[in-house]
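Sequences listed follow chains U and G, in order.
With the first sequence counted from 1, adding 10 to any position gets you this note's numbering.
With the second sequence counted from 1, adding 5 to any position gets you this note's numbering.
Be a bit skeptical, because a hint or two may be false.
Under the rule of at most 27 Å between Cα atoms (straight-line distance), these lysine-lysine pairs were calculated in the DSS-like manner [to be verified]:
id, chain 1, residue 1, chain 2, residue 2
1, G, Lys94, U, Lys242
2, U, Lys243, G, Lys94
3, G, Lys30, U, Lys77
4, G, Lys94, U, Lys483
A few chain U residues that don't get close to chain G, going by computed Cβ distances all over 12 Å [claimed, not checked]:
id, residue
5, Glu60
6, Ala89
7, Tyr134
8, Lys139
9, Glu144
10, Lys201
11, Glu236
12, Ile336
13, Gly387
14, Glu453
15, Gln492
16, Lys511
Calculated from the structure, these hints are not laboratory results.
Even for Gly, the Cβ is constructed at its ideal location relative to N, Cα and C.
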Amino acid sequence: MWKKNWRTTTVLAVFFLIGAAVISRLFYLQVLNHKLYQAHALGQQAGFQEIKGARGNIFCANSQDSKGASGNEEIKSMAINRDLWTLSASVKEIENKELFAEKLSSYFGEPKDFVLSKLENDSYAVLKKDISAEQLAEIKNMKLKGLYWQKSSYRYYPQEKLASQVVGFVGGNEEGQYGLEGFYEEIVKGKTGILEDKRGITTDEAQISLDGSNLYLTIDCNIQFEAESLLKKAKEKIDIQSGQIIVIKPDSGRVVAMANYPLFDLNQYSKEQSMEIFQNSAVQKLFEPGSIMKPFTMAISLNEGKIGPDDTFTDAGFIKIGKDVIYNFDHQKYGQRTMSGILEKSINTGAVYVSQLVSHDTFFDYMKKFGFTEKTGIDLQGEVSSRNEELRKGSQMQYATASFGQGIELTPIQIVRGFCAIANGGKLIKPYVVEKITHDQDEVPTNPQISNPVISEKTATEVTKMMVNVVEKGFGDQAKIQGYYIAGKTGTAEVAIENGKGYYSDRTIQSFIGFAPAYNPQFLILVKLDNPKVPKSSLSAAPIFKDLAQYIINYWHIPPDYETAE
Amino acid sequence: MTSITFAYASIKKLNSAALPAVNWKVFSAASLFLICTLLVFYVFWVNALMNSTYVLNQFEKQLKATADESRNLEVALAETGFMETLREKTTQMNFEKVSGIKYIQIAENSVARAK
């Protein structure tokens, strides 16, 4: 049988052997050397490039509906990323240099020779930077051979100067500097990753987002803009050297506005001559607050039970501390006054008297409790604070002057924080500027941090009443708004000579701090003006407070406390 | 004799229990048919896959273009919200700043109340 079919058998055997050889080779390649050839294939089919995610954006929101308690959907961009292109030419590929230069020069309005001069070498030339998408589309339509474009992303601040010191900027090394850009650098910056660029038949798999997180601010753009406008007007009318306004919700610490003067354009930061303008004076500059400290002196003695609101004090116009003598402002003499009267007329000797009713240790303990010896912890880069070492040393004169705000150094945000405790019934808040941080679908809100009371609610109410009297009957009457109880205090402080002893005779820092409605405060405002050309804060800072407070009352639709005669 | 008979019987049984006869012609024809069918199926499958991939790639390009346009629009929208420009426009349109707001107190015994 085999001999009969030997040809068929032979052919089949040959096919069998060939098949066996193929199968064994396939087994060797695909099973035994599977990983080696998979790696080869991956190297041929995939490219790897390092990419960086986009920087997160910064937004401010409208808080009209919530009366400043939260932002709504109407947001404005404070910091975003913008794509710009750089035009370059591969000179060898240009067919007609004259025509090339003529078309581009007429588009950009530059001399033709200028463009031609860039094409003199034979390789590669950068023609123009910072081309927008619209311009690029028009240039592409020219269909110029040899013209190339590269995209780059850079930081853009659409609101230019608005809250410039609060926002900060991204410097040349692509790192955030100052303000929020600096403080939240690690959160906002994009992450670096490797992108696998596959060729051939494939689809993109889901990628992890490398983009940075977005910040939504507590700042209300409208109130911020109004505050900055008022400071700009103050420069025109009373020639202030600089100024700050802080608006805050006293129950939570939510900063609704933080205005500085002067401002700078965040898109042109490199053109500024002095780096001092980048500093946010509201958190980075110490000053002696002056008479706006007196409510704290009053609160300390009230809380310790050393005085009652109806107690009286007789002012002789001066008070002796050892060999030194302290006078009232303008050397006035006020005679017998109630405790409220001491604040109404801002009597220095009265403040010294009240402070002497408690021990130095007690006074300094309250300074610490009100947060005056430490940073507030606000989420802005570069916050400073003073340990107030001179006060710690405890001389009689030091404590006497500290009672009316001289010889003690604070930042505006520290003072605001302290007054929030008076406004909200005694609790210390932590001021904050970022309401929430978002990344893709995730959202992390900021929870207000509120401490245990530093003074009793009764003390806070008593001091509030005194501050209302300051506006109703005292030096703060320029801040009065009909129909509303405003609690406020004026302050005209001397400016200490840097690196020297004593004070400038021709410089003052004039402030007004207040909150409204006094018995259910919705907002607290500090207006601080550096060296205005008027003698006292009732003429400078108090009217600005009134204008801004009226604006906020209208904006948030805060109903009046009492009816007024038409 | 018995052993030879037994052995012969066993061999005959083995032969009868041997592998069934294979019709190699039918087997070859069937294999060839199967290979051709698989080949045709492979071609169609790869073609469908490539079509899908092409469509997906086109969508991804459109998505990227839309994302680029969206970024440009975001910048344009941000620029329209520039506060200084808004103030100038409100001034040009003769808008005035609100100087005061009157509040009406709703009486407790009111007949109707707006929601």
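Any hints from earlier that this structure breaks? Give me their numbers in increasing order, please. 3, 4, 6, 9, 11, 15
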